[in-house]
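Novice: Each chain is listed here by its residues.
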Amino acid sequence: MEGNCRVLFLPDNRYIVVSRGDNLLRAAMDADVHINASCGGSGSCGKCRVVIEEGEVDREPNPKLTGADIAKGYAMACQTRVLSDLQVTVPLESRIGDKRIFERAEPTPAHGYLLAAADWEERLPEWVLDPPTRKVHLVLSEPTLDDNTSDAERIKRGLAVEAGLRDVVIDYPVLQRLPNMIRQSDWDITVTVLDSGDELRAVRIEQGDTTRRQSAIAIDVGTTTISAELIDLYTGEVTARASDYNAQVAFGEDVITRIIYATRGTGLAKLQSVVVGTIWNLIKNLVEQAGIEYCNITHVVVAGNTTITHLLLGLNPKYIREEPYIPSGTIFPWIKCSDIGLRIAAGVYLYAIPCVASYVGGDIVAGILASGVFNTDKMTLYIDIGTNGEMVLGNREWLLSCSCSAGPAFEGGGVKHGMRATGGAIEQVRIDKVGYEPMIITVGNRKPIGICGSGLIDLLSEMFLTGIMNEKGKINTDLPTDRVRDREGGAEYVLVWAEDSATRRDIVITEVDIDNLMRAKAAVYAGIEILLSSMDMDASMIDELLIAGAFGRYLEVDKAVTIGLLPDIGYDKIKFVGNGSLLGAHLAALSKEMLNKANEIARQMTYLELSMNPTFMDHYMSALFFPHTDLEAFPTVIEKLESVRSIQRMAAGTVAGEAEGS
Amino acid sequence: MAFNLPTETAKGKVREVELGAGDKAKKVGGENVLPFHLWEGDMPNKPLVAAEVSDEVGELIPALEKALGEVKNDPVAWARKAAEEWGADAIFLLLTSTDPKASNAAADAAAETVLKVEEAVSVPVIVYGTEDLDKDAELAKVIATKAEGKNLLIGPAKEENFKKVGAPAIGYKQTVAGMTPIDVNLAKQLNILLTNLGMEAERLVIDPTTGALGYGLEYTYSVMERLKIAGLMQDDAMTQMPMLANIGFQAWKTKEAKSSEDEYPEWGDPEKRGIMWETLTAVSLLLAGADILVLRHPESMRMVKQLIADLSG
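Line by line, the protein sequences give chains R and Z. Be aware that the first sequence starts at 4, since it is given in this note's numbering, and climbs by one per residue. Be aware that the second sequence starts at 50, since it is given in this note's numbering, and climbs by one per residue.
The hints are simulated quantities; they were obtained by calculation from the structure and are not laboratory data. None of these values were measured; they are calculated from a predicted model. A hint or two may mislead.
Partner residues are not named here, just some residues of chain R that face chain Z (Cβ under 8 Å, in silico) [stated by the list, open to error]:
{"#": "1", "residue": "S276"}
{"#": "2", "residue": "K475"}
{"#": "3", "residue": "S625"}
{"#": "4", "residue": "T632"}
{"#": "5", "residue": "L634"}
All C-beta atoms, glycine included, are put in the ideal place defined by N, C-alpha and C.
With the sequences and hints as input, model every part of the structure.
Specialist: Now the structure itself:
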């Protein structure tokens, strides 16, 4: 299945290089070739028929495709895999309404650049493998009547002489086990020492030399998802990865509902035990995957937003929610895992990446650490879009952060057919400029159930460019298609007809949905503008825009710019960080220097409270428009609009011409 | 060395919009300075004082009743008197009769009144509906069609009905006033929507919605000032439309303007009080950047016109 294939689409005369075995509909979407597809790639609507002129494909058997069809070269794009170089014709029936009569302009690459390992080296040059816990192998001299110092002092002396570790404090449980342990092991032992920054602490003692068996766990504790990595501290390599939904989701999808739950009765203890449960299962999974012993693990580093960190550590989050929004703490001490009910092994300590303020947490600090923003001369804007849009502006000189409540719209909340990015969620959308027919792809190529965040952004962008909705998000019901229609409470656009959907209902986007999404994007953009304007800067001064978070990963940058969610600063400046929170926790687990940097970042970052900002409303109102009231700030969107309008005018001209001719 | 007054010159300028057609045409806007900063640039067209004329009146405040006299039930005579005797630069014809919550007169009948008034006066005519979205859309269609070539200023077009008000205005070459609720961004957004619809920017007037003295005037003032600054200093094309301030309607519904002497003897003569309330509101908004001031009382019109003349040097 290896190798690349070149697929040429006619009559568009566009080609794309894909991997052998790739889905043909997805290839068409990536090549920006329109094929009607309304079932999301599940093979049920039978609309994406294409003709394979040359080359080899693998067709899934499908009742919509007869033997006679196949003989003529027909295939259903969504049920077809590319096996060789291809020449594919998209027949008229699959491009209804497509009356384009000239070549389209070359599309700008839609997908951004994801930071890779090589980038980290460049971004964090001072990074060295020097974890906060260290295993020291000691072969101690047996005590004699002349050398009759205590066991503990003997170990301390050994640590000082062998490893240069002075004034090590011996943890109480270690002291308890000490006398028998060292004698049983014939004075050959390994001591694990935790450097907490304030002191050195011997946290575990083992028989013999175990220095090669040392691992750490890095965890991103997200509001929705928890991701964990097992890292071999001897090699610095990640040996296992796992993630799962945060079981707290059952107690509320957003942090505010969880805070409310935590402040009632034993709610806090419940939420703590639930999240610890999820983490425990992940650790079990990691240990099994890697085939190690639990006692190899010497420390854990977690990064989460302020509320989630509170809930994990069992700190009362109540005052985070009430003005003036005060967290219990922002910098947390090393604590024993067992103190929060996480019983991995004796003497495993946990560190939570510090937070900045109630709504800018350790996940953001970790992201700033991992993306090297604190280390660069480039003016960087770091954005993590979720229920809260958190963002940081700055470079090595200063860092300014804020958080704006975007609401759950991008995660599918408050949107009639919105959903999370799970199987059957529409994740990519194109709409034909002339016939207004959609082309959609769902997660897992299943029958569509609803629309997820990236699909919603695609959809809004396409609806805006094609003129299905105007700058205010109002749907134009005068268009000659039955996909736009008036309903009680506002107009809507039908993305999937009931017969093609998994729910047997039309999947639509309504004006109310659009309104909620517009508010979410306006809140994010207003936050960006306030960060910039409070430094007397504008978007053109941003050298690099980093997008973090799982949602960001699937975001099509040009679509996000088209709707005015992100500033129009050139796609080459926009990069994806991936899970910045996990990466930051990972770095801190491997390097004391990085852990200290995280503390420094948290202490030095300035937090801007938007609810106090008198200009927020003004920025917000001007962002309640597609792409923005200040259209001049979006030059590429203006260009795109003009290009689409000219295609539409020419198509209208052709239709009029045809009508006259007949 | 001689003293030079420091000046701040603008990058942009307010669009010159023509109201009315033929001999009746008048221009508004065109300034490249903040109101009356004549040492920094030009105001080629003085702000217009428009007289509000209604096609149906209920019970009037005594001060207005006295000023209007017999013409109050005859919009044509009222308009003529305003233009000829009171010196109004334009007529603001409010089609009160069409309000669906009151008389709900037919659009055709209202259009007849518009044509008669337009015929009777030698100044431009501004026609406003009663802010009922559907009725105003219907009115715009009928009036724009019937008054083709007259270049009326038709309003108010709002975010919710701008297409239906704008389209006939585009087709029959009328000018449109877009109304938004006291917000810089919303005013600009409506202009973008209307121009994207195909309306020429030179045929648009901003009605930013105004409050009366003591009733949110500061807010109105600030919004109008910011719109003007955006147009002039930031050269923002979508805020460079002249602004209309509908003052009489707001000023005369305040307690201070309409209460009788019996209710508030310490406030003095109600006639003078009402006129001053309207005039002071107008003066404030003139300085905020209004290009068209809609007033009700002839005495207010006289004073405001006098002030404009004085300020224009």
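Novice: Please list, smallest to largest, the hint numbers that this structure does not respect.
Specialist: Per hint list: single violation, 1.
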